[in-house]
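Build out the structure end to end from the sequences listed, making use of the hints.
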Amino acid sequence: MSTIVAARPSPESRISPVFRFAMLLPGGLVTFSLILFALGLVLFLAFRSNDGSLLGAGLTVANFVTVATDPLYWTVTLRSLVIAGLVTLATVVTAYPVAYYLAFHAGRRRNLLLFLVTLPFWTSYLLRVFAWKIVLAYNGVLNSAFIESGLWSQPTLAFLNTPAAVVVTLAHAYAPFAILPIYVALDTIPKSLLEAASDLGARPFTSFRRVVLPNSMPGVLAAALVVFVPTVGDYVTPAMVGGPASTMIGTLIQSQFGKANDWPFGAALSVCVMLVILCVVLLARGADRRFGSRT
Amino acid sequence: MKTARARANAGGRWLGVYVLAYLVFLYLPILLIPLFSFNDSIQAAFPLQGFTLSWYETLYGNPALSGALANSLVIGVIAASGATLCGITVSYMDLYGRSPLAATISAVARLPILIPGVIVGISLLILVNLIGLGPSRVAIVLGHILVALPTTVVVMRSRFAAIPKTIREAALDLGASDWTTFRRVMLPLSAPAVLSAFMLAFLTSFDEFIVVFFLAGTQPTLPLYIWSQLRFPRSLPTVMALGTVILTVSFIIAALAEILRHRGLGAARRNPA
Numbered sequence: 000m001s002t003i004v005a006a007r008p009s010p011e012s013r014i015s016p017v018f019r020f021a022m023l024l025p026g027g028l029v030t031f032s033l034i035l036f037a038l039g040l041v042l043f044l045a046f047r048s049n050d051g052s053l054l055g056a057g058l059t060v061a062n063f064v065t066v067a068t069d070p071l072y073w074t075v076t077l078r079s080l081v082i083a084g085l086v087t088l089a090t091v092v093t094a095y096p097v098a099y100y101l102a103f104h105a106g107r108r109r110n111l112l113l114f115l116v117t118l119p120f121w122t123s124y125l126l127r128v129f130a131w132k133i134v135l136a137y138n139g140v141l142n143s144a145f146i147e148s149g150l151w152s153q154p155t156l157a158f159l160n161t162p163a164a165v166v167v168t169l170a171h172a173y174a175p176f177a178i179l180p181i182y183v184a185l186d187t188i189p190k191s192l193l194e195a196a197s198d199l200g201a202r203p204f205t206s207f208r209r210v211v212l213p214n215s216m217p218g219v220l221a222a223a224l225v226v227f228v229p230t231v232g233d234y235v236t237p238a239m240v241g242g243p244a245s246t247m248i249g250t251l252i253q254s255q256f257g258k259a260n261d262w263p264f265g266a267a268l269s270v271c272v273m274l275v276i277l278c279v280v281l282l283a284r285g286a287d288r289r290f291g292s293r294t
Numbered sequence: 000m001k002t003a004r005a006r007a008n009a010g011g012r013w014l015g016v017y018v019l020a021y022l023v024f025l026y027l028p029i030l031l032i033p034l035f036s037f038n039d040s041i042q043a044a045f046p047l048q049g050f051t052l053s054w055y056e057t058l059y060g061n062p063a064l065s066g067a068l069a070n071s072l073v074i075g076v077i078a079a080s081g082a083t084l085c086g087i088t089v090s091y092m093d094l095y096g097r098s099p100l101a102a103t104i105s106a107v108a109r110l111p112i113l114i115p116g117v118i119v120g121i122s123l124l125i126l127v128n129l130i131g132l133g134p135s136r137v138a139i140v141l142g143h144i145l146v147a148l149p150t151t152v153v154v155m156r157s158r159f160a161a162i163p164k165t166i167r168e169a170a171l172d173l174g175a176s177d178w179t180t181f182r183r184v185m186l187p188l189s190a191p192a193v194l195s196a197f198m199l200a201f202l203t204s205f206d207e208f209i210v211v212f213f214l215a216g217t218q219p220t221l222p223l224y225i226w227s228q229l230r231f232p233r234s235l236p237t238v239m240a241l242g243t244v245i246l247t248v249s250f251i252i253a254a255l256a257e258i259l260r261h262r263g264l265g266a267a268r269r270n271p272a
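Keeping their order, the protein sequence lines are chains A and B. Be aware that the first sequence starts at 0, since it is given in numbering that gives the first Met the number 0, and climbs by one per residue. Be aware that the second sequence starts at 0, since it is given in numbering that gives the first Met the number 0, and climbs by one per residue.
One thing to keep in mind: the hints can contain errors.
What the hints assert, rightly or not - In silico contact screen, one side only, chain B against chain A (beta carbon under 10 Å); selected entries:
no., residue
1, Leu72
2, Gly86
3, Leu123
4, Leu126
5, Leu202
6, Thr203
7, Ile252
Hints were generated in silico from the structure; no laboratory data involved. Glycine included, each C-beta is placed from N, C-alpha and C at the ideal position.
So, in structure tokens, the structure goes:
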């Protein structure tokens, strides 16, 4: 019996070439043309000079020299990194207890709570940012609520058009991103590890610090990454609630493909952003390995 | 031991309070939009001025708005179909294709998670100009297939992975071709997830702003219409009424998708045969 089974080709090796081709075609077309080829175009364009034509002219590193030597771009890049870093920190730190509750205390309410924290993820990003604009505006919700309650008599301009407004708005908009990866990491920690810690006399805080936290680090890093990437390149929130003092690198890229109309330079800025993200990903990978990835 | 458990329970209760506060923070700003959409004032400010439905009446008979809505619906359905088709095939081949190419395609398909929307937008803008298409509704569809792709791949992959291996092997051993196994066995077993992936992809496209900003020609989608209205303080109440409708529809579709995603999973696990 066993010899007959062994003699038959395994189901995996029987896949017909036609089936394989048909199944790989849609995904292959999309990934290779729309993702890899399009990103290749950006990289190519970054090394061209702007002559008004679609793909520019020549072969030059002038765009990168400008990015590296003009202090404006250092300032804006640094600001983007600080804002995205603060947003990531705020989102991950505030999401962790929620994920912890979901994994260890939620009980029967777990599915409902999971649903509630992920639901805002599927609503319009533009509307979520717009909501903060009406909260923070000079004659908006926060000012009018404070005046109504007698806490202060004059509306303040201090809310809108500040980098702080950008951080709060982005942290709110990307909050749902962070909970799920941390929850998955916490939920997959073997319960025997926690029992072993408590049997060996570890107090709750010690077992959290020595067992739970290190084991959940892959989830924390994944959460940090999925929040950091979209926020570092964001241009909508700075435009809506940030004002001129919160210009981010995404804003500059957007204007190069709009008003400023220097596509090669915009492409060079994009390449720089991707390099920064690559560094962050590699850092996260390294940290992940240090904590012994289970994913 | 008892005191330790009591302490843990007390800790859980405090965490519960925290989670409640977190949910309030998450929902309160969003819920202000419906609140002020019924407020009889141009300003979104307290105190509330009285109840009115007049902002919703301004939504009717607005050709620019209905044009944008029609665009968003058509683009959403086509992009979601494309993204779902890609999500199904990419994740199926990733799991069962056993080829480096299939694994590569699956990895690249999830890459857009690591690319900021602004770069996805400009890279596609360059591409559609290069192939002579230019900013247009077709360009938006391509962009939205890309934005929704990671979602559909992740949803379909976890669903296919949850189907016991033995079911597919049984079909193949009984002489079904790859095609028959896929179409008559694996696809019906994951039908709820297919629908769920489609709905989530539709929502992604319907609400998407960052990429569509670069790819729209003369015919805007709904989020672009909202963006164009934000410049006029007078139209803020109308935007809030429109936003309320969009939020309601989004909540309903997302809830249905969530229910579908979990549906039948238990059954597949309980009766592996």
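Here's how the hints hold up against the structure:
1. Leu72: violated, 15 Å
2. Gly86: holds, 8 Å
3. Leu123: Status holds, d = 6 Å.
4. Leu126: holds, 4 Å
5. Leu202: holds, 5 Å
6. Thr203: Check passed: Cβ of Thr203 (chain B) comes within 8 Å of chain A, closer than 10 Å.
7. Ile252: For Ile252 (chain B), the interface hint holds, since the closest Cβ of chain A sits about 8 Å away, which is under 10 Å.
The structure does not agree with numbered hint 1 stated previously, though it agrees with all others.
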